[in-house]
Amino acid sequence: MLFKIISTISVWIVPLFLLIVFLHAQYKGIKIYDTFIEGAKEGFWLVVRLIPYIVGIYVAIGIFRSSSALSILTRGLTPVLNLFGIPGEVIPLLITRPLSGPATLGLVSELIDKFGPDTFIGKLASTIDGSTDTTLYILAVYFASVGVKNARYSLPVGLLADVTGFVAAVYICLRIFG
Amino acid sequence: MNLVFALLVILGLLTGIFTGDLQVINEEILLSAQAAVERIMSLMGVFTLWLGIAKVAEKSGLLAAFTKYMSPLVKILFPSIPKGHPAMGAILMNMSANLFGFGSAATPFGLKAMEELQKLNPERENASEAMCTFLAINTSSITLIPTTIIALRVNAGSTNPFEIIGTIFFATTVSTICAISADYIFRSLSRRRK
Numbered sequence: 005m006l007f008k009i010i011s012t013i014s015v016w017i018v019p020l021f022l023l024i025v026f027l028h029a030q031y032k033g034i035k036i037y038d039t040f041i042e043g044a045k046e047g048f049w050l051v052v053r054l055i056p057y058i059v060g061i062y063v064a065i066g067i068f069r070s071s072s073a074l075s076i077l078t079r080g081l082t083p084v085l086n087l088f089g090i091p092g093e094v095i096p097l098l099i100t101r102p103l104s105g106p107a108t109l110g111l112v113s114e115l116i117d118k119f120g121p122d123t124f125i126g127k128l129a130s131t132i133d134g135s136t137d138t139t140l141y142i143l144a145v146y147f148a149s150v151g152v153k154n155a156r157y158s159l160p161v162g163l164l165a166d167v168t169g170f171v172a173a174v175y176i177c178l179r180i181f182g
Numbered sequence: 008m009n010l011v012f013a014l015l016v017i018l019g020l021l022t023g024i025f026t027g028d029l030q031v032i033n034e035e036i037l038l039s040a041q042a043a044v045e046r047i048m049s050l051m052g053v054f055t056l057w058l059g060i061a062k063v064a065e066k067s068g069l070l071a072a073f074t075k076y077m078s079p080l081v082k083i084l085f086p087s088i089p090k091g092h093p094a095m096g097a098i099l100m101n102m103s104a105n106l107f108g109f110g111s112a113a114t115p116f117g118l119k120a121m122e123e124l125q126k127l128n129p130e131r132e133n134a135s136e137a138m139c140t141f142l143a144i145n146t147s148s149i150t151l152i153p154t155t156i157i158a159l160r161v162n163a164g165s166t167n168p169f170e171i172i173g174t175i176f177f178a179t180t181v182s183t184i185c186a187i188s189a190d191y192i193f194r195s196l197s198r199r200r201k
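Protein chains in written order, with this note's numbering: chain F, 5 to 182; chain W, 8 to 201.
Note that these hints are calculated values from the structure, not bench results. Hints are not guaranteed to be accurate.
Covered stretches of chain F, going by a simulated chain W footprint (3 or more residues, C-beta under 8 Å) [said to hold, decoys possible]:
1) 19 to 25
2) 85 to 96
3) 107 to 115
4) 122 to 130
5) 142 to 154
We put the beta carbon where it would ideally sit given N, CA and C, even for glycine.
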């Protein structure tokens, strides 16, 4: 029942939101198309401004990811994390997640294909992916877009959020699906 | 950020030199530069679309009405944002987009929020306290409908693709509480240092 409601919401939310915005604007007598273009122009230049930052961060992450640094790090962490009952298969996710969303999604989809979406590992990998975020990428892009150079304590806070999201995901999956 | 950038490149290159797989790295450098531009170009459409829609909602006063309704929550999290400032609206739209797994809209609204927050920022090159709080919430964001992962599970033939909604909601709630607390602690510490 709950799932039915949620899947309905996820289909309805965008069209419904658009309908409300347009109806309300029409009612208020706004020139919708002109206003839309005005905002959309900002979007275009925002994207153009972001190109150098995204290229920089993609290349740095690409170099790190394609070298064996990642697998060495994973091998080092595995015995420690195994002590806490965290399965070895999901450990690469912990390291990749803050760096790259598409790369993590790739790993998750490999795990799901290999073990099956409804196995413990499949559900754990899904939960981990949904509970953590690409902190490094978000910080780089968000701060760069407004020209802030000093991110202050944002990075440790963001990484802490990823680690707690990961740990909470493992904990709840062990409790519910384990 | 500069340190992280340097560390990623230097550690990656050194490991590459020691293990001898430099050829892979050579290819990756060019591929990822290209992938970056392809990615941003693929986002251009949705960015332009959502910022256009946001402008309509802003002009018609719908956003302001929504913000007014939700402002007690924002007031607690962001005490430094003046009442009725457009930053609040953008932050709320970003939070709602994240909550409903409405990923393509979250980033443009988030960047809009950063732009508004920067107008309130007294030091242009340093992150303001409100920006740090916003990013703490943004990177941990509570998720009700994780659309991407549900889609992935449906494609993989899951018998119950929604089964992970509860666990994700739990884990993101925990991480959001931790992030907000950590942000509060760091903020208090940095104020004391001044």
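Verdict on chain W covering the stretch 85 to 96 of chain F, where coverage means 3 or more residues with a C-beta closer than 8 Å: violated (count 0)
Residue count check for the stretch 107 to 115 of chain F against chain W: does it reach three with CB-CB under 8 Å? This one holds; 3 residues, not fewer than the three required, reach chain W with a Cβ under 8 Å.
Against chain W, does the stretch 19 to 25 of chain F show at least 3 residues with beta-carbon separation below 8 Å? Coverage by chain W holds here, the residue count being 3 at a Cβ distance below 8 Å.
Coverage criterion applied to the stretch 122 to 130 of chain F (partner chain W; beta-carbon cut 8 Å; 3 residues): holds (count 4)
Three residues or more, CB to CB closer than 8 Å: is that satisfied between the stretch 142 to 154 of chain F and chain W? That given contact holds, which follows from 12 residues of the stretch 142 to 154 of chain F lying within Cβ reach (below 8 Å) of chain W.
Comparing the model with each numbered hint stated earlier shows that hint 2 is the single one that does not hold.
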